[in-house]
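Q: What follows is each chain in one-letter form.
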Amino acid sequence: MKYADEFRDKEIALGLAKAIRAEAHPERPYRFMEFCGGHTHAISRYGLEDMLPKHVLMIHGPGCPVCVLPAGRIDMAIRLAARPEIILCVYGDLMRVPGSQGASLLKAKARGADIRMVYSTIDAIRIAEENPEREVVFFAIGFETTTPPTAVMIRLAEKKQLENFSVFCNHVLTPPAMQNILESPDIRNIGRVEIDGFVGPAHVSTIIGTAPYEFFAEEFGKPVVIAGFEPLDMMQAILMLMRQVNENRHEVENQYSRAVTRDGNLRAKEEVSDIFELRDQFEWRGLGQVPYSGLKLKRAYAKYDAEVRFEMNELRVDDNPACECGAILRGVKKPVDCKLFGTVCTPETPMGSCMVSSEGACAAHWTYGRFRDHQQRRAS
Amino acid sequence: MKGYQRKLDIRNGCVDLSHGSGGRAMAQLISGLFHEAFGNEWLARGNDQSAFDVGAGRMVMTTDGYVVSPLFFPGGNIGSLAVHGTVNDIAMAGARPLYLSASFIIEEGFRFADLKLIAESMGEAARTAGVHIITGDTKVVERGKADGLFISTAGVGVVPDGLDLSAENARVGDRVLISGTLGDHGVAIMSKRQNLAFETEIVSDSASLHDLVAEMVKAGGRGIRLMRDPTRGGLAATMNEIAQQSDLGFRLHEEAIPVKPGVAAACELLGLDPLHVANEGKLVAIVAPEVADAVLTAMQAHPLGRDVADIGEAVADDHHFVQMATSFVGGRIVDWLSGEQLPRIC
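Chains as they are written, first to last, in my numbering: chain C, 10 to 389; chain E, 1064 to 1409.
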């Protein structure tokens, strides 16, 4: 497969693994957080942990938009979809995300709510055109990568003068969440987990560019390497981070230069800033309220804002108190440290955010890596 | 005087509620369309059941339902799929399939022309497989109560003496053979649903495997422990089922697992794992190491086993993990699919 196999080459991987071993000082640990779920998935899917020295540790960050969506937002969507005039259009991976008390969109659909799985924003527009007597709401979710398509869709609805179309906006931003992780007491004051650097987002950075991380690297003194989602991208980024650590640098470096520039996609950024504005704060499952981390539609576009149009009330739901997702997302704990992991919480019946999507830290470990726990137990 | 009945207007007509009501219209649909397509001595007798001789030995019986959407896809349609799927379930016991039943639940308004195409390809698939559809049923439901057409089948076959293939038979050290490329059927369906155009069209692998199975049994005899056709849930589900039932684990080698480049690319694009995608003309065989080469050679000589690959081995494992050495370097689990990846694939 062209443009993919080149980045999965075994020989090059072995060469990079050797370089990583050579770069690693035996007396110090290297703890890097990959922010994106896409990176978490690549690590697990390709078994990259097997290629890293024991003291080079990867901490799986919160960069999976499905995972961090709080239960309250799911409850809001379920409540909205219960209204007979509503057709709720969602991406398939949202269907099983747990709301409160075991509710999910999948169960709501089975009970009769008109919830339709779509593969692109265009599908939602088409459904609105085909059902002029119904109200079609698109459940918009995702980081900076998926916000531009939502913006384009609103423009399209405007152009087509669609009167029955709106968006339930759950778009969130990457840099504020990274900042929140470093500022959280677990990391800064208690100092239980030190993060030595970040593998920066791949697709998100194609939109926002590398510049937004510069302040971050400077302010917190942490190296950031923007990396692609292929396994060789990951390996190279880890090597680049180790070099920065060893040379005491904290810069933003761009491993994913085949797709990412310093300024990103100007056109996309412009579309987004025309239509969206910052929320004062937005709740992330596992992280809690994070200031200026979410987007909403500007007042000029209020008629496309489902929260305004249908007077949706904000619902807050506490996560299961035994769930360790917050600590796992911050790298303080590992999936196996959670009492729920693999017992009541599995990909079939996820309790916490990290088990929801295959990009979540717990789901990735459960699906691809849990055999290692048994190997370790046997070895010790 | 013989009552006049207008002929079925196959080209322009469609099924209405009278075609399921037990009256003359239904009789006409059955004789004019289904008997025509399936034509055999049992149906010709027009009974509510069909009698057939039972030979010596053990028989197998299976049942299956087909709800695939869309009804027509590259490489087949719901009719050929229903025959292949049922034949394969019988064949996985090492058995020779003999007779099938077919029950049709048809939505009001379904075009005769489409029904004819489907019935004809069912008849064709049955003839190719050497099985007979000897009894059936037709029901018509109101518009909106069935998505066009559902088919359910049953099948019986006979197992050769001394053969007892079963999922608890795998032993540590056994080899895992897969008869060809993975994921073709699921991706063919998906590409139609999403209107995804690829440079080369991906065609479903839907096919009857009993002939291949007969060759394998000839070559491997009792050294063949069990066979499964990895349909919904793909190879991943099949291997996990066997691991549980045989109380062991498997170690697979990703590089050895055959996947067509077009299928791999489509999966990449759609975010699917080819190991989770359905197949309708592939089988997994767990075989004793001493007969593995002979079975492999026999499979290679058969058109449906040309791309056969030895993809791994059974290992001792209390946790029943299916592990895989990735084509990269590290290892991972091949887990069950969770949730619904592709609903209504067969």
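Because the hints were derived from the structure by calculation, they are not lab data.
As the structure is a prediction and not an experimental result, all values here were calculated from the model.
Please note that a few of the clues may not be correct.
Claimed, not checked - With a straight-line Cα cutoff of 30 Å, these simulated BS3-like cross-link-like pairs (lysine-lysine) come out:
no., chain 1, residue 1, chain 2, residue 2
1, E, 1255, C, 169
2, E, 1255, C, 118
3, E, 1323, C, 19
4, C, 169, C, 305
5, C, 11, E, 1255
6, C, 116, C, 278
7, C, 116, E, 1323
8, E, 1070, E, 1208
9, C, 11, E, 1070
10, E, 1255, E, 1208
11, C, 116, E, 1070
12, C, 307, C, 169
13, C, 307, C, 27
As the list claims (entries may be wrong) - Not close to chain E: a few residues of chain C, all C-beta gaps over 10 Å, as computed:
no., residue
14, 270
15, 321
16, 383
Each residue gets a CB set at the ideal place from its N, CA and C atoms; glycine is no exception.
Q: Hint by hint, note whether the structure agrees.
A: Here's how the hints hold up against the structure:
With a C-alpha separation of about 28 Å, the suggested pairing of residue 1255/E with residue 169/C holds against the 30 Å cut-off. The hinted pair formed by residue 1255/E and residue 118/C meets the criterion: a straight-line CA distance of about 24 Å does not exceed 30 Å. For the suggested pair residue 1323/E and residue 19/C, the alpha carbons sit about 20 Å apart, so the restraint of at most 30 Å is met. The suggested pairing of residue 169/C with residue 305/C holds, with an alpha-carbon distance near 22 Å, which does not exceed 30 Å.
Restraint check for residue 11/C and residue 1255/E: the C-alpha separation of about 23 Å stays at or below 30 Å, so the hint holds. Proposed proximity of residue 116/C and residue 278/C is contradicted: the alpha carbons are some 36 Å apart, above 30 Å. A threshold of 30 Å between alpha carbons decides the hint, and for residue 116/C with residue 1323/E the separation of about 36 Å lies outside it, so the pair is violated. As the CA atoms of residue 1070/E and residue 1208/E are separated by approximately 27 Å, the hinted pair is consistent with the 30 Å bound.
Distance restraint check for residue 11/C and residue 1070/E: the Cα-Cα separation of roughly 55 Å exceeds the 30 Å cut-off, and the hinted pair is therefore not satisfied. Our distance criterion of 30 Å between C-alpha atoms is met by residue 1255/E and residue 1208/E, whose separation comes to about 23 Å. Among the hinted pairs, residue 116/C with residue 1070/E is inconsistent with the structure: their alpha-carbon atoms are about 47 Å apart, more than 30 Å. Taking the CA atoms of residue 307/C and residue 169/C, the gap is about 20 Å. The hint holds against a cut of 30 Å.
For the suggested pair residue 307/C and residue 27/C, the alpha carbons sit about 51 Å apart, so the restraint of at most 30 Å is broken. For residue 270/C, the requirement that its beta carbon stay farther than 10 Å from each beta carbon of chain E is met, with the minimum near 24 Å. Residue-level check passed: residue 321/C sits 27 Å from the nearest beta carbon of chain E, beyond 10 Å. Not every CB of chain E lies more than 10 Å from the CB of residue 383/C, the least distance being 6 Å, so the non-interface label is violated.
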